[in-house]
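> Below are the chains, spelled out letter by letter.
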Amino acid sequence: MLRTEEMLLNVGPQHPSTHGVFRLVIKIEGEIIKEATPVIGYLHRGTEKLAENLQYTQIIPYTDRMDYLAAMTNNYVLCHAVETMANITVPDRAEYLRVITMELGRIASHLVWWGTYLLDLGATSPFLYAFREREMIINLLNELCGARLTFNYMRVGGVKWDAPDGWLEKVAEFIPYMREQLHGYHQLVTGNEIFLNRVKGVGTYTREEAIAYSLSGANLRCTGVKRDLRKDEPYSIYNRFSFGVPTREAGDAWSRYECRMEEIEESLKILEQAVAQFPSDGPILAKVPKIIKPPKGEAFIRIESPRGEIGCYIASDGKKEPYRLKFRRPSFYNLQILPKLLEGENMANLIAILGAIDIVLGEVDG
Amino acid sequence: MDKNELTRLKKEAAEKAKAAAIKRRQEKERQASESGQDLELAKKKAAAAAKAKAAAAARAKAKAASTEKKEEESSVEPSPNEPLLQRYIQIIERQVGTDSYEEYYINRLSKDVPTILAKPHTYMDIAQVLKQQLHFDFLAELHGTDFETHIEVYVYLCSLQNGQSVVLKVKLDRDNPMIPSLVPLWKGADWPECEAYDLIGIKFSGHPNLKRILLGEDWIGYPLRKDYKPHDEGV
Numbered sequence: 001m002l003r004t005e006e007m008l009l010n011v012g013p014q015h016p017s018t019h020g021v022f023r024l025v026i027k028i029e030g031e032i033i034k035e036a037t038p039v040i041g042y043l044h045r046g047t048e049k050l051a052e053n054l055q056y057t058q059i060i061p062y063t064d065r066m067d068y069l070a071a072m073t074n075n076y077v078l079c080h081a082v083e084t085m086a087n088i089t090v091p092d093r094a095e096y097l098r099v100i101t102m103e104l105g106r107i108a109s110h111l112v113w114w115g116t117y118l119l120d121l122g123a124t125s126p127f128l129y130a131f132r133e134r135e136m137i138i139n140l141l142n143e144l145c146g147a148r149l150t151f152n153y154m155r156v157g158g159v160k161w162d163a164p165d166g167w168l169e170k171v172a173e174f175i176p177y178m179r180e181q182l183h184g185y186h187q188l189v190t191g192n193e194i195f196l197n198r199v200k201g202v203g204t205y206t207r208e209e210a211i212a213y214s215l216s217g218a219n220l221r222c223t224g225v226k227r228d229l230r231k232d233e234p235y236s237i238y239n240r241f242s243f244g245v246p247t248r249e250a251g252d253a254w255s256r257y258e259c260r261m262e263e264i265e266e267s268l269k270i271l272e273q274a275v276a277q278f279p280s281d282g283p284i285l286a287k288v289p290k291i292i293k294p295p296k297g298e299a300f301i302r303i304e305s306p307r308g309e310i311g312c313y314i315a316s317d318g319k320k321e322p323y324r325l326k327f328r329r330p331s332f333y334n335l336q337i338l339p340k341l342l343e344g345e346n347m348a349n350l351i352a353i354l355g356a357i358d359i360v361l362g363e364v365d366g
Numbered sequence: 001m002d003k004n005e006l007t008r009l010k011k012e013a014a015e016k017a018k019a020a021a022i023k024r025r026q027e028k029e030r031q032a033s034e035s036g037q038d039l040e041l042a043k044k045k046a047a048a049a050a051k052a053k054a055a056a057a058a059r060a061k062a063k064a065a066s067t068e069k070k071e072e073e074s075s076v077e078p079s080p081n082e083p084l085l086q087r088y089i090q091i092i093e094r095q096v097g098t099d100s101y102e103e104y105y106i107n108r109l110s111k112d113v114p115t116i117l118a119k120p121h122t123y124m125d126i127a128q129v130l131k132q133q134l135h136f137d138f139l140a141e142l143h144g145t146d147f148e149t150h151i152e153v154y155v156y157l158c159s160l161q162n163g164q165s166v167v168l169k170v171k172l173d174r175d176n177p178m179i180p181s182l183v184p185l186w187k188g189a190d191w192p193e194c195e196a197y198d199l200i201g202i203k204f205s206g207h208p209n210l211k212r213i214l215l216g217e218d219w220i221g222y223p224l225r226k227d228y229k230p231h232d233e234g235v
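Chains as they are written, first to last, in the UniProt record's numbering: chain A, 1 to 366; chain B, 1 to 235.
The following block holds chain A by itself, in its conformation from the complex:
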């Protein structure tokens, strides 16, 4: 007679499918996961503590290193929080540059997710395609601000660099190209039966569970909740663009996949409109003092990052450094549901479930 016994297994912290340094301690009986305990903190750098001794502009590079796959949104949430507190109006041209860079970043981030998710599931070629297109975005952003990932591009009141000559045209050229490639991705992967079998009905949760666990982004929208802060609480100039908020009802890994792929299309729509409306001239930085001192008080500002709601809390005592700075990091909140999803699952589904959440460990650990 076959005898099974409970076994303790460490997945990570150096496991490639954990996308960084994330450890999962799982109790398995045979192939069934009985209990999963995430262990995080390997990448904790104490950003919030460091920020208490830095001026606001000096904190911006630190935000790049949280969600390093979409650093533009991190830059933005800090600048936007300070601007809201200090009541600074950002020039139009700067807002357009911000939206264009943020949406490019959103596409790049979704591309990394798409490529690595399929790599986790055993498909090698999509990763190469995804990184080919992502490289083009990174080159565009590099041309704009001289960095590939850690941009340090935005400033309180605007942006640091204006678009070089011909840059917008390059962005405009990229949009139809990306649409064509996206079509190719769908042909390559989306209908693939092996892939469908691995993601359909896997890692399912209901709308109520998603809300209770404070999930956001595609993790929430895949259960049919139509929530996108770009639409619901418009910030920047998002109310000037028409775009949709893709949702699905099933709440499984497959619906998260569908949501993200559609989000790329919606981002391309925003880019198209932003490039067309781009103001021909004007300042890229509002007239702000060299040393920024928001008024005494506190503010918590949220925006929509590729991974969900990213928020920035600032408690200011009127000095040039924040008294307390706190980031609501969407990956950190989204990962909470993982032990619940893994309980009773087959070992082989672990990667499909973890990958579908789309975490960045720099953001989980802060």
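It should be emphasised that the hints constitute simulated quantities derived from the structure, not laboratory data. The beta-carbon is built from N, C-alpha and C at its ideal position, and this holds for glycine as well. Errors might be hidden in some of the hints.
To be verified - Pulled from the structure, derived: some chain B residues nowhere near chain A, Cβ distances all over 12 Å:
(1) Glu15
(2) Glu77
(3) Glu82
(4) Pro83
(5) Gln86
(6) Ile89
(7) Gly97
(8) Thr98
(9) His121
(10) Asp125
(11) Leu134
(12) Met178
(13) Glu195
(14) Leu210
(15) Leu215
(16) Arg225
Stated by the list, open to error - Stretches of chain B that chain A covers, calculated by requiring three or more beta carbons in the stretch to come under 8 Å of a beta carbon on chain A:
(17) 137-144
(18) 186-194
For chain A, the structure is supplied; the task is to place chain B on it using the hints.
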């Protein structure tokens, strides 16, 4: 030419010269007096202009002051979220009691979010009312801050169906910061409470698994406290 003729001519010339000199002097005097008048006029003009300028400046100043005043007045205007806050407070007063909160206000710096400062013993009850009666089903954020005189817990709640937000805050004793856990109401409070425990040292009673989530159990001290000293200073 005889001598008489010569003296007559001389005399004539001298008289002519004298007359010319007088004429020149008179002319000069006239000119001088005219230019003096000009100077006076110019002075007068300049004074008038200066006066006008000063008046204009004063007017502009007054105008600026009045617009400033207007702006001030407009910022004192009630926020569009004021009725919402009043409604929340009404329901909280009915359900939990009239002295269940310390204060409530609209936070102007944070996109006009209604903010309620609870008392430690009513924190859980108010949270319950916010969730069950007012449908704040989504916990967007929970964290603590060390304000040196006290420790504050900041909870940002959203209602997905109503599209509203509210902030629930509570002040805790810095020496023994203890508060009921919100995990029974919102499961999403689990990790954020662990983080607040880890970095600030707030104990959440009733939390299913309160642990030092980021730093590890062997860490000494709470780094986000203002008086934190790193234990391993040599490193």
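> So, for every hint listed, does it hold in this structure?
Do the hints match the structure? See the list:
no.: 1; hint: Glu15; result: holds (79 Å)
no.: 2; hint: Glu77; result: holds (15 Å)
no.: 3; hint: Glu82; result: holds (18 Å)
no.: 4; hint: Pro83; result: holds (19 Å)
no.: 5; hint: Gln86; result: holds (22 Å)
no.: 6; hint: Ile89; result: holds (20 Å)
no.: 7; hint: Gly97; result: holds (26 Å)
no.: 8; hint: Thr98; result: holds (26 Å)
no.: 9; hint: His121; result: holds (24 Å)
no.: 10; hint: Asp125; result: holds (20 Å)
no.: 11; hint: Leu134; result: holds (15 Å)
no.: 12; hint: Met178; result: holds (20 Å)
no.: 13; hint: Glu195; result: violated (8 Å)
no.: 14; hint: Leu210; result: holds (14 Å)
no.: 15; hint: Leu215; result: violated (6 Å)
no.: 16; hint: Arg225; result: violated (10 Å)
no.: 17; hint: 137-144; result: holds (count 6)
no.: 18; hint: 186-194; result: holds (count 7)
Violation of the numbered hints given earlier is confined to hints 13, 15 and 16; the remaining hints are satisfied by the structure.
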